Amino acid sequence: MKDHSSFLDLALDDSMGFDPLGAFDDEVEEDAGAVTEGYLGTPHTDEPAPKVDTRPAAERIADLFQSMAPRRKTLMGMLTFCATPQATDALDAEVHRLQADNFSVYTPASLANLLERAGGLARVTADGEPYPEGDPEPVLVEVDGVSYYEAAEAPAVHWVATADGTAYAEADAPLARLTDLLNEDARYATIYERILNLTAQEGGATTPAINDAVDNDELLKSPRLYAPHFVDKLERCDAVEWRDKSWRITAVGQEGQRLVADLVAAQVAEAEADAAGDAPATDGQ
Amino acid sequence: MTDTVTTDLAAEEAADLAALTELTAQRCAVYRLLARLYRVEVDEEFLAELKAMRFPAATGNTAVDTGYRTIATYLSGADAHAITDLAVDYVRAFIGHGIDAYSAAYPFESVYTSPKRLMMQEARDEVLAVYRSEGLDKLPTWKESEDHLALELEFMAVLGDRIVAAAEAGNEAEVERLLATQRNFLEDHLASWVPLMTADLRRFAQCGLYQGLASLTDGFIQVEQEFFDEIFGDEGEAAEAAEADAAPAATDAEEAE
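First to last, the protein sequences are chains G and E. All residue numbers for the first sequence refer to the working numbering, where the first residue is 1 and numbers rise by one. All residue numbers for the second sequence refer to the working numbering, where the first residue is 286 and numbers rise by one.
If you're looking for bench data, these hints aren't it; they were derived computationally from the structure. Take the hints with a grain of salt, since some may be wrong.
What the hints assert, rightly or not - Some chain G residues judged to face chain E by a derived CB distance under 8 Å, without partners named:
(1) Asp-89
(2) Ala-109
(3) Ser-110
(4) Ala-112
(5) Leu-114
(6) Pro-138
(7) Asp-144
(8) Tyr-148
(9) Ala-154
To be verified - Taking CB as the label site, the calculated pair distances span:
(10) Glu-429/E - Val-52/G: 31 to 37 Å
(11) Lys-428/E - Gly-134/G: 33 to 39 Å
(12) Pro-223/G - Lys-428/E: 29 to 35 Å
(13) Pro-208/G - Lys-401/E: 22 to 28 Å
(14) Ala-163/G - Glu-511/E: 55 to 61 Å
(15) Ala-156/G - Glu-429/E: 35 to 41 Å
(16) Asp-127/G - Lys-428/E: 44 to 50 Å
(17) Asp-127/G - Glu-334/E: 27 to 33 Å
Since we're looking at a predicted model, the values are computed, not measured. For each residue, glycine too, the CB sits at the ideal point set by N, CA and C.
The whole structure should be built from the sequences, with the hints applied where relevant.
Below, the structure written as structure tokens:
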């Protein structure tokens, strides 16, 4: 039976009759000095030091959110969740909940570290006091006259949003972003309206359903655009979210439905007015 | 009278073997701990095991003591997110992100003993030959080359297990042969390149665990060398004395001619 805790196989057949050491002559040892001389002694003169970002926390947080746009919602959720000190386990559970429908290779620990480095989150004790710097000293114990070190029990780490982190979360206005988006993309208001209405259905809308409803619209022929382009923009405004294998409207999206309905109605009225203005005069015919 | 002396000698030898057995078992445990730390990243189970360990505080070797203390200090502050920190540091320390062969503490003997710091060089062939001479080969699940530090350390542990078994069976000749193999492998391989690797490990690792590991490894190799010097000391001195005796005789003979 093999010992699977080991990576050395103890079951090699001894009957091979192979003398592997015989395969080597003395040249290897003779050359060893020449091989290593002047090469392994090359000193590493540069001491790699961790880079310290000296920019203000607000700038670093904004930079983090910009560079990790696909994780924006999770990062924002973490800042909001940590309005009061939260234990590491609780924060991890919250991150798993936030990412339940949006798998990421980033672990809760990685995201928390990124936010901490950016100045958005801070480690505190359960009482909200700043977490002690450095690792605690190990405990020295004596057993049968011999001294040993044992790992000490450090205070449990809790996470809390910093003032800059809280300010960034509070400044987040998804409805304002959606309003800006609809104004900028007013030409595609009917497309946005169609997508929002589909996602507002019971059970949301699957990606193929949205594609079928949108991709063949004359508006999207030139320049050629496809449904995911608009869904992405809506998602960035927190108007829709991917949940239980379909796109679903959010509270922000419901507000957007009203905005886009007004926009479409105004466009229809304008078009009708233009059509009426352009109609040929019938008097005297 | 003669019977009494014989009995005393036998009892002394048995006591020596028992002491050697106990010491070798302890050495094996350290080799296995080091091998595990170098083999792959720390996982939750291993971290829990490390946190429950007691580390000797005063072994008599400064580097070993520093290593144990640094590791224990790191473990005292290791929280639930330590697994991720350690995984990141493992990659930073042992894998690196550069292509200049100087971007990490590569745990392969070939890298530190070949002119262009390449893997799979002569050192790998040599250690493979040594493993096979002892009837050992790597398992198919091991995907790295044979001169990985974890495997070299594990080889020493396997030899240690065999020493314990031979000592318990009263096979002194086998014990001596295995100890000589361990000493040769330590001198020809581990001691020849590991200090260079641990110097790099100190540069690249940021976590206390791997900083401590560098010190512990250096110190343990020193302790091992002292151990072998001690048990083979008489033989070594005898050989030196024989050489010294032979040299004047040869000179006399030459002069006579």
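Query raised in the report: Which numbered hints does this structure break?
Result: 5, 7, 12, 13
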